[in-house]
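J.: The chain contents come next:
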Amino acid sequence: MTSNRPSLPTPGSTGSDLSSSTSSNNSDNNQIPNLHSLQNSSSQLSIKSNSWRASVNFGSKGVSVADSEGFSISRREINEDDARLVYVNDPLKTNETFEFCGNSIRTGKYSVFTFLPRNLFEQFHRVAYMYFLIIAILNQLPQLAVFGRGASILPLASVLFVTAVKDAYEDWRRHKADKIENNRLSSVLVNDQFQHKRSKDIQVGEIVKVSADETIPCDIVVLCTSDPTGVAYVQTINLDGESNLKTRYAKQETLSRVPGKDVISGLIKCEKPNRNIYGFQANMEVDGKRVSLGPSNIILRGCVIKNTDWAVGVAVYAGRETKAMLNNSGAPSKRSRLETHMNREIILLSFFLVTLCIIVSACAGFWLRRHQDELDIMPFYRRKDYSKEQVENYNYYGLGMEIFFSFLMSVIVFQIMIPISLYISMELVRVGQAYFMIRDDKMFDAASNTRFQCRALNINEDLGQIKYVFSDKTGTLTENKMEFQFASISGVDYSGEKIEFYGEQGGYNIQVDGQVWRPKMKVQVDSKLLKLSKTRNDTKSSKEIYDFFLALAACNTIVPIVVNTSNPNEKLIDYQGESPDEQALVYAAAAYGFMLIERTSGHIVIDIQGERQRFNVLGMHEFDSDRKRMSVILGYPDSTVKVFVKGADTTMFKVIDESLNLSVVKSTENHLHSYSSIGLRTLVVGMRALSIAEFDTWQTSYEIASTALMGRAGLLRKVAVNIENNLSLLGASAIEDRLQKGVPEAIESLRKAGIKVWVLTGDKQETAISIGYSSKLLTSKMMQIIINNNSKMSCKKSLEDALVTSRKLINVTRASEDDASSVALIIDGTSLVYILDSELEEQLFELASKCAVVLCCRVAPLQKAGIVALIKNRTDDMTLAIGDGANDVSMIQMADVGVGISGQEGRQAVMASDFAMGQFRFLVPLMLVHGHWNYQRMAYMILYNFYRNALFVFILFWYVLYTGFTLTTSITEWSSVLYSVIYTAIPTIVVGILDKDLSRKSLMTYPQLYGSGQRKESYNAKLFWVTMVDTLWQSVVVFFIPLLAFWESDIDSSSLGDLWTLAVVFIVNIHLAMDVIRWTWISHASIWGSIIATCICVIIIDAIPALPGYWAIFNLASSGLFWICLLGILIASMIPRFIVKMFMQHCKPCDRQIAREAEKFQNAMEITRNGEIEMNLPHR
Amino acid sequence: MMNSNPSTPMNAHAPSSSSGGAGSPDSNAPRRNSKRPKYSRFTQQELPACKPILTPKWVISAFMLVTIVFIPIGLTSLLASRDVVEIIDRYDNACVQGSKSQKVQHIQSQTTNKTCVRSLTVTKRMKQPIYVYYQLDNFYQNHRRYVKSRSDNQLRNLGDENDTSSCKPENDANGMSIVPCGLVAWSLFNDTYSFSTSNNSQLAINKRHISWKSDRDEKFGSDVFPKNFQNSSFIGGGRLNESLPLNEQEDLIVWMRTAALPTFRKLYGKIEVDIEAGETINVVLENRYNTYSFSGKKKLVLSTTSWLGGKNNFIGIAYLAVGGLCFLLATTFTIIYLVKPRHLGDPNYLSWNRNPGGH
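Chains A and B, in that order, are what the protein sequence lines are.
Its first residue numbered 1, the first sequence is counted upward by one per residue in the UniProt record's numbering.
Its first residue numbered 1, the second sequence is counted upward by one per residue in the UniProt record's numbering.
Do not take every clue at face value.
Stated by the list, open to error - So, partial list: chain B residues that the calculated Cβ filter (under 7 angstroms) puts toward chain A: (1) Trp58; (2) Arg144; (3) Ser351.
What the hints assert, rightly or not - Listed below are the simulated BS3-like cross-link pairs for lysine-lysine, each with C-alpha atoms no more than 25 angstroms apart in a straight line: (4) Lys467(A) with Lys781(A); (5) Lys1001(A) with Lys213(B); (6) Lys127(B) with Lys148(B); (7) Lys311(B) with Lys297(B); (8) Lys251(A) with Lys93(A); (9) Lys340(B) with Lys1148(A); (10) Lys227(B) with Lys1160(A); (11) Lys1141(A) with Lys57(B); (12) Lys1148(A) with Lys51(B); (13) Lys270(B) with Lys213(B); (14) Lys124(B) with Lys1141(A); (15) Lys442(A) with Lys51(B); (16) Lys1141(A) with Lys38(B); (17) Lys741(A) with Lys38(B); (18) Lys38(B) with Lys442(A); (19) Lys299(B) with Lys270(B); (20) Lys51(B) with Lys1160(A); (21) Lys124(B) with Lys213(B); (22) Lys1160(A) with Lys57(B); (23) Lys718(A) with Lys756(A); (24) Lys103(B) with Lys311(B).
Said to hold, decoys possible - Far from chain A by the CB rule (all over 10 angstroms, computed), these chain B residues: (25) Lys51; (26) Ile68; (27) Arg125; (28) Glu161; (29) Thr197; (30) Ser201; (31) Phe327; (32) Leu344.
None of these hints come from the bench; they were simulated from the model.
From the three backbone atoms N, C-alpha and C, an ideal C-beta is built for every residue, glycine too.
Kindly generate the complete structure, drawing on both the sequences and the hints.
T.: Following this line, the structure appears as structure tokens:
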């Protein structure tokens, strides 16, 4: 509505064939004063995101489909079946059928009795735990009992127990919070008197009174407030994180009745509870009159009343049916690319597992067949049991069953081939990585006092593989702190010299009751214009200036709030509102002496050059994305009526009567062009005086439309369009939105890192291009291809032309080996309407992938998602979307990684994002440093875990071949269990969290190092196979060196088992130690500590006389052969790995290796020399 | 023009915010409420660290070090192994002739004379102590069902006499628990050997302390006596002296340390005199243990010992091989380094510097 951020061209506005069908749908809900219509629509979209994701349709049709789905609930007439009937002040009747829930809330998941079953049920949703469980159950069958009961259940039980304790603690805290919340006292009307009642006892239909600074206990429809006009200011920070005040209104029909004195009764029919916190549709019958209710009449649970003494309302939704509770869900979970690839390898590993098991069971079958004749005398198979009087079968189930049993037993023995513990380690590692990302003081934004936020915990490593960055412009590249710069009034450009008003005395102020009131923000003013605005005479220009500033001050939804300062004689006026553009305009008007000091739903008070004037606000047409303008109808004190309109130039010039003054229109257009070409945001203001007849017609239709229950928004729009015409042009304003600090440098770094940065903005093309230049996205050497079409055919043609041009250019570039000049594609939303979701998409993709830079301007929120999908669906490259506003939500959710900027435009982007931060430039440390680290760490950790577990399994497997294929393990069962829990678990987690392949400085100096993640250098199929071959070699060494050394000796199986245990743990840890790059004391402690812990565990296990291996380790350690074997194993197993590493590092060093060396042998000379090379590159 | 005024409004206000209070809400926020993460070297991931890099110097010295350590160890191992004198005599087929079934019949019969005489020639002087082992081949003492068929509790504690559930099928006989129960004890090896030299002087075999001290002290009870052992119809092997407690039945203790591999030796006793080269040792053995029915081999082994244990060249050869390989690698690497040196950390090697657009 009020935001004139021209970022919302829906296709309907230009593709006129579609507009009629879509427009009536998609803005039905725009009846929300003080709520950004855009936020409204896209919040619905975000809530409905699944549905639009399902229909992969991002072009124009996509918008209409999605919108109609999103709005269908509110658009439908509330029929009796679907409606919730609330009898005001009659909770008994309201709750007759007991279908509405009470106001007590329960966020706790469990009760004392349900805890165990429910918690277990939830935990077993994880595949890993199911695998554990199935293996443990298999092991309980007497024929298959490989491990003892304790050893087989302990790991699962301990994991379950730890998780359960954690869940129980969290739940206990939730219960405690619930209790406080439920027992909070609120004032409720009982027997016509307000009494204190505990919050949980509030019922739907009761009348609740809330005082200033109190939290609303349930969703209430406002009946009356302390304000005579029925306004209540609320803060919704608990709900959506926005800290500015929003206004809520009581209906005219009820605001005069003060409960407790007057009797209030009535019937509210409203929608069923839903999650949309920006939508509410209901009507109320009071005194036989039917009044409609919208989102501006409801205050939601969790909001806080501010600047209003009290408000009274009737509870319509309570407890868990309140919108706040219905919205209590976390961010959608994504799965990282690395994990997807890892799962592929896990499937391979399970094939290995099955292969091993088949080998073992087949061999067991052959063995049994070969020894078939002997089975009778082999006591452990003895088919006939001679120990009894009657000869009976004993312990032999027939060949087939024996093979089957050995298969299952081998699954149990080799179970850790599937590294289940890896999933748990990965979660721990991600938590650790998130800890460091959050605490990185390079990503702390001092200006907004926000830390980096990790909202999604499972895609940390994706940050290291991004190929495309899609960025919003406003608020992301720029600060979204609007500053009024220039004005063009009646064709005269006021962009001259500025006076800055800083300090105590400067700026415009007014005297009220001996106090000085001044606007909170100070604005630079044009001295000439300031002088002109102060002179009041009847010249035409003076009048036009008067009207222009009056329009700026009045035509908005800003609420002025008077704030006390430390100086008792001075007060500040703080303009609260949704749109930063509007705030800037109102502050500007105030600086020129048109100070808005009061706004109610019925009137505004403006102090004009020291003279207070009151205007009646007779009507207001909110901003919507089709009209892209808003209007307000003002009744002057002298009872003339005028309509003021402000909006985007494209739509404003259509409704301006050019015949009035053609030259003014022309010069204004020129000014607009020059403003936007330096990156300013422009708005056009127009005005028309209404005759009494006109006003009457308008008023009747406005009233009909605004109380309509069907298609109210559509009707209102028609009314608005009828009155917003034949305007006379007042002028245009230009607002500057500054680039954020460090944006050009950040973009430069990202470009160097091989990341393609696309800017998707709702702004005008000229603005977008100029921002492109100032952010160094575009350079003068680039060739710009601009696609700006109005039909499908012309789109097709220009795409084809562009493809030809770009191909030619790229060929030329290649021939001359000049990589400096490249292609930039600039495309607007209208063309995208025809291109997305049609066969032209493919061509656009081909073109875009040839371009170094892509700028999309005038795009609608869903088109942003469509563009992200264009890349995501066609390539394997990772995408990242960054934005700050509600219009970026769809794109943030669509991209592989969504980053929200916690900026000026509310919190919706942050809520939908995976990571949130304060500034665009933090993207560089986030991706280049943390992303790189996380990727390297996680990739290494996964490979290492595969290796670690497979090595152990191979060793078990080799031994099985020497035991008649009967799955004996010489390694004790306790060591098998502890292997992945104690012996080897901690170092890999520590390395996964802490190891750094390169320092922050190197990564920032050479952004190109980021390419290793994009090229999947640290985790790919080749590395997996190499690792597996290495594993095989190491297992052969570990197994066969002792085997051959102790062949034909009197060694017992426990001793040999201990030797294998120690050998495998030593080499697994030393293998890790060889790959650790940065040895801090923590890595030392964990790696050597694990080895020591293993020795201690082995000693403890061997000190239990009840186990067969009693004292084996001590006997073993006293023999020289043991130590010689151990040393031999360590060296022999590492040699191939060492050789490969050496040769790769010396002969084919990767960039990371060189940078690491450079880091170590730091040589200032070389760094500077390199800097020059970098600088020279483009000029070659 | 855009950049003409580089300071943002907020920044411009920030210094005056404390006095005027007229800044934006952000700068009004009290500094003490700052959420700025506390700086520590840990949270900023800047802990002091050692960053080892494998420079050619390091690599070559590492390989050389391995060579220097491994070759001497390999040589001494080989020498030690060479000094070990080992006499192996397979006697299972020599003592009983005939087809497999005949052999089985012979060994299972209660009445046949199972005494067998073998003579061994000592080729090299054997210094005492000479260990006497029996070696069984193809005897899966590590078969899962065999290994599990024992009760360690029963062996230790008198009270756990009936803890025989894991011992099936050798858990009870005639309704009473067997001590020691299980297949491992049941299949106790029971061939016996006695040695004499060519001049007919008896060579004493010391059978004391052939088992681990820890086993005698802790694992096998001094108050647990064999009971009901080998009383069923199906006799697996040796019998035990029921008047001796288990911790003095050393043959059983040795046997119960189940072997790791299907071919294994077990200590039978020690001969504590030197035997000169060229002497012939006559062995009188009672060939009672049935390995014929599963085609197992039985061997008698007399062996001296070295610091490395018995005769086994593998470790020596393996060490020499690894040491040699490392020497080879060290040389190769030196050559590579000399032929194609690379300046470490030279940014010119970075891929984007090396190859900027096709140069």
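J.: Now look at each hint and say whether the structure bears it out.
T.: A quick look at each hint next to the structure:
1. Trp58: With Cβ-Cβ at 10 angstroms, over 7 angstroms, it is violated.
2. Arg144: holds (4 angstroms)
3. Ser351: holds (5 angstroms)
4. Lys467(A) with Lys781(A): holds (23 angstroms)
5. Lys1001(A) with Lys213(B): It is violated: about 61 angstroms lies between the C-alpha atoms, which goes past 25 angstroms.
6. Lys127(B) with Lys148(B): Violated. Lysine 127(B) to lysine 148(B) sits at ~39 angstroms, over the 25 angstroms cutoff.
7. Lys311(B) with Lys297(B): The hint holds at about 20 angstroms.
8. Lys251(A) with Lys93(A): Judged against 25 angstroms, a Cα distance of about 23 angstroms means the pair holds.
9. Lys340(B) with Lys1148(A): holds (12 angstroms)
10. Lys227(B) with Lys1160(A): Answer violated: lysine 227(B) to lysine 1160(A) is near 73 angstroms, above 25 angstroms.
11. Lys1141(A) with Lys57(B): holds (15 angstroms)
12. Lys1148(A) with Lys51(B): Holds: lysine 1148(A) and lysine 51(B) sit about 20 angstroms apart, inside 25 angstroms.
13. Lys270(B) with Lys213(B): Since the Cα atoms of lysine 270(B) and lysine 213(B) sit roughly 16 angstroms apart, the hinted pair holds (cutoff 25 angstroms).
14. Lys124(B) with Lys1141(A): Violated: lysine 124(B) and lysine 1141(A) sit about 49 angstroms apart, past 25 angstroms.
15. Lys442(A) with Lys51(B): holds (23 angstroms)
16. Lys1141(A) with Lys38(B): Violated. Lysine 1141(A) to lysine 38(B) sits at ~39 angstroms, over the 25 angstroms cutoff.
17. Lys741(A) with Lys38(B): holds (23 angstroms)
18. Lys38(B) with Lys442(A): Holds: lysine 38(B) and lysine 442(A) sit about 12 angstroms apart, inside 25 angstroms.
19. Lys299(B) with Lys270(B): holds (16 angstroms)
20. Lys51(B) with Lys1160(A): holds (7 angstroms)
21. Lys124(B) with Lys213(B): violated (32 angstroms)
22. Lys1160(A) with Lys57(B): holds (15 angstroms)
23. Lys718(A) with Lys756(A): violated (43 angstroms)
24. Lys103(B) with Lys311(B): With Cα atoms ~32 angstroms apart, lysine 103(B) and lysine 311(B) exceed 25 angstroms; violated.
25. Lys51: The claim breaks: lysine 51(B) does not keep its Cβ more than 10 angstroms from every Cβ of chain A (closest is about 6 angstroms).
26. Ile68: holds (12 angstroms)
27. Arg125: holds (23 angstroms)
28. Glu161: Non-interface label on glutamate 161(B) holds, nearest chain A Cβ at 15 angstroms vs cutoff 10 angstroms.
29. Thr197: Given that every Cβ of chain A is farther than 10 angstroms from that of threonine 197(B), nearest at about 25 angstroms, it holds.
30. Ser201: holds (28 angstroms)
31. Phe327: Holds, since 12 angstroms exceeds 10 angstroms.
32. Leu344: violated (4 angstroms)
Comparing the model with each earlier hint shows violations of hints 1, 5, 6, 10, 14, 16, 21, 23, 24, 25 and 32; every other hint is respected.
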